[in-house]
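Chemist: Top line first, the protein sequences correspond to chains A and B. Mapping to the numbering used here: the first sequence position 69 is 166, numbers consecutive. Mapping to the numbering used here: the second sequence position 16 is 1070, numbers consecutive.
Hint data in this document are derived by calculation from the structure and do not stem from the laboratory. Check the hints yourself; a few may be wrong.
[Unchecked claim] Computed cross-link-like contacts, DSSO-like style, restricted to lysine-lysine with a CA-CA straight-line distance of at most 30 Å: (1) Lys1111/B / Lys1072/B; (2) Lys209/A / Lys175/A; (3) Lys167/A / Lys1071/B; (4) Lys170/A / Lys1085/B; (5) Lys1071/B / Lys1111/B; (6) Lys1111/B / Lys1085/B; (7) Lys152/A / Lys1072/B; (8) Lys152/A / Lys167/A; (9) Lys1072/B / Lys170/A; (10) Lys1085/B / Lys1072/B; (11) Lys152/A / Lys175/A; (12) Lys170/A / Lys152/A.
[Said to hold, decoys possible] Distance windows between CB atoms, simulated: (13) Ser104/A / Leu1114/B: 47 to 57 Å; (14) Asn159/A / Asp1092/B: 44 to 54 Å; (15) Arg1063/B / His193/A: 28 to 38 Å; (16) Pro138/A / Ser1138/B: 37 to 47 Å; (17) Pro1093/B / Pro210/A: 22 to 32 Å; (18) Lys167/A / Tyr1064/B: 24 to 34 Å; (19) Glu112/A / Lys1072/B: 45 to 55 Å; (20) Ser1134/B / Ser177/A: 13 to 23 Å.
[To be verified] According to the in silico footprint, chain A covers these stretches of chain B (three or more CB under 8 Å from chain A): (21) 1089-1098; (22) 1158-1165.
We put the CB at the ideal spot given by N, CA and C, even for glycine.
Chain residues, written in single-letter form:
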Amino acid sequence: AQTVTQSQPEMSVQEAETVTLSCTYDTSENNYYLFWYKQPPSRQMILVIRQEAYKQQNATENRFSVNFQKAAKSFSLKISDSQLGDTAMYFCACRHAGNMLTFGGGTRLMVKP
Amino acid sequence: EADIYQTPRYLVIGTGKKITLECSQTMGHDKMYWYQQDPGMELHLIHYSYGVNSTEKGDLSSESTVSRIRTEHFPLTLESARPSHTSQYLCASSDDGGTYEQYFGPGTRLTVT
């Protein structure tokens, strides 16, 4: 069985600062994908960034980047130059066979002006 | 913005009523999913479908049922609503064509009184 753990239930950051959200996972599969999803208050869940496990290079998407440590089964999300619109719940997820996702418990991020 | 729709967005209903939550997607995805999410909490998979006439139960036991008669439509039904069914229900779809991203609908927030 897969597990995904987010150890930070809540975090806050000042606007324009950098924040890192932690995620660890456990899987028995060799080829898997990892995701960070964002769920703004009362809005749709959207994909932030994706990492293929077979790629050593860390994924980046504009202000969002990951630190993927495969041996440690760690997949943290770094948000640079935080903006008020980044305020949301962030969920880490691991894809396994059949395109199923296992989600972590989420981290509530508050960006303060 | 993902082309996946859910209706109603909010529903308050009395105990014992039968309800159907609608989910439709226009992306032609074969795989569709239903998740249950309590406010600010993780997502739990309750049903999924690999395609037309395919339905499977997810990790979290649910008294709801689903059907998949058309590719684009994946409704969820509760025959007799109870207060314990109060939650948010998220529908998602995905393709297996490389990205494996799941696209989420806006959700239905259900309250059973």
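Chemist: All the hints need checking, so say for each whether the structure fits it.
Modeler: Checked hints:
no.	hint	in the structure
1	Lys1111/B / Lys1072/B	holds, 20 Å
2	Lys209/A / Lys175/A	holds, 17 Å
3	Lys167/A / Lys1071/B	violated, 48 Å
4	Lys170/A / Lys1085/B	holds, 27 Å
5	Lys1071/B / Lys1111/B	holds, 22 Å
6	Lys1111/B / Lys1085/B	holds, 13 Å
7	Lys152/A / Lys1072/B	violated, 48 Å
8	Lys152/A / Lys167/A	holds, 10 Å
9	Lys1072/B / Lys170/A	violated, 44 Å
10	Lys1085/B / Lys1072/B	holds, 26 Å
11	Lys152/A / Lys175/A	holds, 18 Å
12	Lys170/A / Lys152/A	holds, 14 Å
13	Ser104/A / Leu1114/B: 47 to 57 Å	violated, 22 Å
14	Asn159/A / Asp1092/B: 44 to 54 Å	violated, 31 Å
15	Arg1063/B / His193/A: 28 to 38 Å	holds, 30 Å
16	Pro138/A / Ser1138/B: 37 to 47 Å	violated, 25 Å
17	Pro1093/B / Pro210/A: 22 to 32 Å	holds, 25 Å
18	Lys167/A / Tyr1064/B: 24 to 34 Å	violated, 42 Å
19	Glu112/A / Lys1072/B: 45 to 55 Å	holds, 47 Å
20	Ser1134/B / Ser177/A: 13 to 23 Å	violated, 50 Å
21	1089-1098	holds (count 4)
22	1158-1165	holds (count 4)
Comparing the model with each numbered hint stated earlier shows that hints 3, 7, 9, 13, 14, 16, 18 and 20 do not hold.
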